[in-house]
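Enquirer: Just so you know, the sequences run in chain order R and W.
Each residue of the first sequence is one higher than the one before, starting from 1 at the first, in the UniProt record's numbering.
Each residue of the second sequence is one higher than the one before, starting from 1 at the first, in the UniProt record's numbering.
Hints are computed from structural coordinates only; laboratory data are not their basis.
Hints are supplied without guarantee of correctness; some may be wrong.
What the hints assert, rightly or not - Estimated spans, in silico, between C-beta atoms of each pair: (1) W:175 / R:156: 39 to 49 angstroms; (2) R:443 / W:399: 53 to 63 angstroms; (3) R:155 / W:118: 40 to 50 angstroms; (4) W:245 / R:142: 48 to 58 angstroms; (5) W:177 / R:155: 17 to 27 angstroms; (6) R:245 / W:323: 54 to 64 angstroms; (7) W:446 / R:440: 41 to 51 angstroms; (8) R:183 / W:225: 36 to 46 angstroms; (9) W:163 / R:111: 32 to 42 angstroms; (10) W:53 / R:245: 25 to 35 angstroms; (11) W:253 / R:280: 23 to 33 angstroms; (12) R:440 / W:326: 45 to 55 angstroms.
We treat Cβ as the ideally placed atom computed from N, Cα and C, and that holds for glycine.
Letter by letter, the chains look like this.
2 protein chains.
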Amino acid sequence: MKTLRLALVASVASLALVLPSIALAQTAAPKPPTPGEVTAAKAVAEARDAALADDTVAWDIVEGLTTEVGQRMAGTEAEARARAWAKARLDSLDFKSVRIEPYNMQTWVRGAETAEIVSPFPQKMAITALGRSGATPPEGITAPIAYFPTYADLAAAPAGSLKGKIAFISHNMQPTQDGSGYGFAGPARWTAPALAASKGAIATVIKSVGTDLHRNPHTGNTGWADGQTATAAGALSRPDAENLERMLARGKPVTMKLVLTPRWLGETQSGNVIAEVPGTDPRAGAIVIACHLDSWDLGTGAIDDASGCAIITAAAKRIMAAGGTRHPIRLLWAGAEEVGVFGGAAYGKAHGGEAHVLAMESDFGADRVWRVNFNLADEALKTRVAQALAPLGITRGTGEAHGGADVGAIIEAQQTAVVDLSQDGTHYFDLHHTSDDTLDKIDPADLRQNVAAWVAALMVLGNAPELAPAVAPHGE
Amino acid sequence: MKTLRLALVASVASLALVLPSIALAQTAAPKPPTPGEVTAAKAVAEARDAALADDTVAWDIVEGLTTEVGQRMAGTEAEARARAWAKARLDSLDFKSVRIEPYNMQTWVRGAETAEIVSPFPQKMAITALGRSGATPPEGITAPIAYFPTYADLAAAPAGSLKGKIAFISHNMQPTQDGSGYGFAGPARWTAPALAASKGAIATVIKSVGTDLHRNPHTGNTGWADGQTATAAGALSRPDAENLERMLARGKPVTMKLVLTPRWLGETQSGNVIAEVPGTDPRAGAIVIACHLDSWDLGTGAIDDASGCAIITAAAKRIMAAGGTRHPIRLLWAGAEEVGVFGGAAYGKAHGGEAHVLAMESDFGADRVWRVNFNLADEALKTRVAQALAPLGITRGTGEAHGGADVGAIIEAQQTAVVDLSQDGTHYFDLHHTSDDTLDKIDPADLRQNVAAWVAALMVLGNAPELAPAVAPHGE
Numbered sequence: 001m002k003t004l005r006l007a008l009v010a011s012v013a014s015l016a017l018v019l020p021s022i023a024l025a026q027t028a029a030p031k032p033p034t035p036g037e038v039t040a041a042k043a044v045a046e047a048r049d050a051a052l053a054d055d056t057v058a059w060d061i062v063e064g065l066t067t068e069v070g071q072r073m074a075g076t077e078a079e080a081r082a083r084a085w086a087k088a089r090l091d092s093l094d095f096k097s098v099r100i101e102p103y104n105m106q107t108w109v110r111g112a113e114t115a116e117i118v119s120p121f122p123q124k125m126a127i128t129a130l131g132r133s134g135a136t137p138p139e140g141i142t143a144p145i146a147y148f149p150t151y152a153d154l155a156a157a158p159a160g161s162l163k164g165k166i167a168f169i170s171h172n173m174q175p176t177q178d179g180s181g182y183g184f185a186g187p188a189r190w191t192a193p194a195l196a197a198s199k200g201a202i203a204t205v206i207k208s209v210g211t212d213l214h215r216n217p218h219t220g221n222t223g224w225a226d227g228q229t230a231t232a233a234g235a236l237s238r239p240d241a242e243n244l245e246r247m248l249a250r251g252k253p254v255t256m257k258l259v260l261t262p263r264w265l266g267e268t269q270s271g272n273v274i275a276e277v278p279g280t281d282p283r284a285g286a287i288v289i290a291c292h293l294d295s296w297d298l299g300t301g302a303i304d305d306a307s308g309c310a311i312i313t314a315a316a317k318r319i320m321a322a323g324g325t326r327h328p329i330r331l332l333w334a335g336a337e338e339v340g341v342f343g344g345a346a347y348g349k350a351h352g353g354e355a356h357v358l359a360m361e362s363d364f365g366a367d368r369v370w371r372v373n374f375n376l377a378d379e380a381l382k383t384r385v386a387q388a389l390a391p392l393g394i395t396r397g398t399g400e401a402h403g404g405a406d407v408g409a410i411i412e413a414q415q416t417a418v419v420d421l422s423q424d425g426t427h428y429f430d431l432h433h434t435s436d437d438t439l440d441k442i443d444p445a446d447l448r449q450n451v452a453a454w455v456a457a458l459m460v461l462g463n464a465p466e467l468a469p470a471v472a473p474h475g476e
Numbered sequence: 001m002k003t004l005r006l007a008l009v010a011s012v013a014s015l016a017l018v019l020p021s022i023a024l025a026q027t028a029a030p031k032p033p034t035p036g037e038v039t040a041a042k043a044v045a046e047a048r049d050a051a052l053a054d055d056t057v058a059w060d061i062v063e064g065l066t067t068e069v070g071q072r073m074a075g076t077e078a079e080a081r082a083r084a085w086a087k088a089r090l091d092s093l094d095f096k097s098v099r100i101e102p103y104n105m106q107t108w109v110r111g112a113e114t115a116e117i118v119s120p121f122p123q124k125m126a127i128t129a130l131g132r133s134g135a136t137p138p139e140g141i142t143a144p145i146a147y148f149p150t151y152a153d154l155a156a157a158p159a160g161s162l163k164g165k166i167a168f169i170s171h172n173m174q175p176t177q178d179g180s181g182y183g184f185a186g187p188a189r190w191t192a193p194a195l196a197a198s199k200g201a202i203a204t205v206i207k208s209v210g211t212d213l214h215r216n217p218h219t220g221n222t223g224w225a226d227g228q229t230a231t232a233a234g235a236l237s238r239p240d241a242e243n244l245e246r247m248l249a250r251g252k253p254v255t256m257k258l259v260l261t262p263r264w265l266g267e268t269q270s271g272n273v274i275a276e277v278p279g280t281d282p283r284a285g286a287i288v289i290a291c292h293l294d295s296w297d298l299g300t301g302a303i304d305d306a307s308g309c310a311i312i313t314a315a316a317k318r319i320m321a322a323g324g325t326r327h328p329i330r331l332l333w334a335g336a337e338e339v340g341v342f343g344g345a346a347y348g349k350a351h352g353g354e355a356h357v358l359a360m361e362s363d364f365g366a367d368r369v370w371r372v373n374f375n376l377a378d379e380a381l382k383t384r385v386a387q388a389l390a391p392l393g394i395t396r397g398t399g400e401a402h403g404g405a406d407v408g409a410i411i412e413a414q415q416t417a418v419v420d421l422s423q424d425g426t427h428y429f430d431l432h433h434t435s436d437d438t439l440d441k442i443d444p445a446d447l448r449q450n451v452a453a454w455v456a457a458l459m460v461l462g463n464a465p466e467l468a469p470a471v472a473p474h475g476e
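Can you build the whole structure from these sequences, using the hints too?
Expert: Okay, structure coming up:
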């Protein structure tokens, strides 16, 4: 609350000159560190700065996974190759107990996908099917467009009013550093197709939930109500969606031909890849750090999420090489995140009986960490983490940490502490779920900054005497 | 030569302080303008600044053509729709003698196009066929890659050494303001497939001749020797080409499966669209200003070259509205430029018997004009043009003007004067010949700056007493 009040004061420009004295009063408050704390902080700083200067482990993982495997759609043979690749790489880095933990899932795969305006202005459009989209007949469907500039406009459409039509929801999105634009625009992908279908639409196309102007549509899952028949649902690239908006602005009916033929393969195998950094205290609960190994099938999954696996693994490797921390650290390269967090759920089921004290996840690209947030009781520990991150320019946020999809089950089950190292999301949704998610988008220096931040945070947290299980595993 | 010497002096930083006095000496030299010249210069400035402030004609042309027609591949029904659109628009703008001048041509169209690495790292790659590419069988071909980092490496390959292989030429390109990078990298597209085929290659893939890192390959024509059988030839997107380079760097043989099934339609109709701005002196030769109406089939041809047609037309419209110039101005919206400059050749054939005094062309995107070059004898006229452009920040270049593809035939036949208003090409090859060539890439303010530059140049040149036919039409 104090932090919030300071932020409000700072926003009043005329009072800016009084801030230095306030800041001095703030920093003067904590008691001086003990000699042991000084030594520990120095070790953290050295490890952090070494990672920033010369880490190559992270880059080699992203480079290797995107080059030697490429796309690794959940439940497919490509994801199985990725698991084998991951196990071999984690073994070669000397992690302990590296293993694949398989599970089965229902698997959806892309088919043909084309869209074209039939009239009044015939031309092809770039489209991709959303995950869990239904299929058109192989020859496609041709129908008039019903246009909804925003999600709210679709929601306001009367029941039955979309019968025989292709709904077009063109909800707009702008870049945001904290990724909040995704929450604003995401419903156009997550639920608009189901909503349109419930009002009679025979198919839905949306403006890509993304912030770029390239002809690369953004895929991603959509959802259906229980018992609802999935209709065809696709995303147009933003340039195509804008072109369609211009056509519609001319006031004549617009007819689209749509071919989307994804299909369900039935039950196939997926799996998590797990590796361990042993702790020095056998009674201390585990810190789980997660990323996801699967990717959408359009790009090579460089920023989503090879970079996350690369960052957490490079950081854990450095900590292991320095003798580890008091708490054991477990690496979770989760499978099948994109299509429904099957790997995270399987992890929660398989490991809910083991004590966890902290969960962290890296799944927001490869741009720099700019902020740290906590869901953690101890103020002194938060301060130590924030101080270890400050030289990297990382601010302490005022929000609560949430973890991420793959650690969601274990956080919910065990009420573990959570620390979020938030990456800059300004450009993330330019690439998210598109064919453009490739290695060339990653700046090696930014990747090293991430590794450095994770090294610093994990060293402080891994040795923290304050971390303990919040609730008994499996509520025992 | 004086200009060149000045540039050399300026490049020596230690002498920079003496430049102001040299510049003063330069500007002091010309004789003072007459009252008539002052009035004329003022009218030019007013017309230029009005275009810069509020032109909408150019934007409406680009917006309309890309929305209502989209891609307009030469020789196809889409180009015919574009001609009808162009004629209607030029008529509605009140140009005189608007007409379509048809000609026939051999027409090539794209088919299926996929590429995938079969081993050692199976994954799909983004590819597009080059214009005039031969075809693989419908089921494709699978063959080992022979890798050439540069065009010179391919040239050095022994005769017969590529037998049974797919040649991969990964010649690199960097952005340049003046577009010279295209001359450096272009041969990888223009002639590498023919060269590789002559050494036995069964197909050729190249790194796109482009400067972006998106998964949108750059198409464009390739050429074959007389009597040579065309093989399949495609461009990989740069991210894919870089991925292939990384695979090859691992030292194992790389095998690709390639499907490219373009075909020739035989002879079809294309055409130029021509419109006139009458001159006030019936004996004065014509100024021809050109753009091209056709586009490649991947994008909507916004910057290549709807913007060129938009710029020259908006400028000519303003000049016509102000009563025209002494010389008549002819608008040439050429057909079939991309696939072999058939429209430009047809124009030269049909109109070589009419006196032309000047040729200009706009075909380098929609970014700002930064430089003017001349191929023009009269120094005073060049100075007047340069002075009219200077307030737009346009520098006088030291090179020679060349015109462009569509005015090439008439320039060669009549040795007409040429003025080049060079657009900034730094970002042009991010989009050139890709699916990303769409309206959203154009900044309306930049487009207006182009119109303003063309208004200024055409008003000065159109009224210039110095312009006269250099040689008799058709050498009579």
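Enquirer: Determine for every hint whether it applies to the structure shown.
Expert: Hints, verified against the model:
1. W:175 / R:156: 39 to 49 angstroms: Between residue 175 of chain W and residue 156 of chain R, where Cβ atoms are some 47 angstroms apart, the hint holds.
2. R:443 / W:399: 53 to 63 angstroms: 36 angstroms, violated
3. R:155 / W:118: 40 to 50 angstroms: The hint (40 to 50 angstroms, Cβ to Cβ) holds, given that residue 155 of chain R and residue 118 of chain W are roughly 48 angstroms apart.
4. W:245 / R:142: 48 to 58 angstroms: 43 angstroms, violated
5. W:177 / R:155: 17 to 27 angstroms: At 49 angstroms between Cβs, range violated.
6. R:245 / W:323: 54 to 64 angstroms: 39 angstroms, violated
7. W:446 / R:440: 41 to 51 angstroms: Since residue 446 of chain W and residue 440 of chain R have Cβ atoms about 27 angstroms apart, the given range 41 to 51 angstroms is violated.
8. R:183 / W:225: 36 to 46 angstroms: 59 angstroms, violated
9. W:163 / R:111: 32 to 42 angstroms: Holds, since residue 163 of chain W and residue 111 of chain R (Cβ atoms, about 37 angstroms apart) stay within the stated range.
10. W:53 / R:245: 25 to 35 angstroms: Roughly 27 angstroms apart at Cβ, these two residues keep to the hinted range, so it holds.
11. W:253 / R:280: 23 to 33 angstroms: Violated - the Cβ-Cβ distance for residue 253 of chain W and residue 280 of chain R, about 47 angstroms, lies outside 23 to 33 angstroms.
12. R:440 / W:326: 45 to 55 angstroms: 54 angstroms, holds
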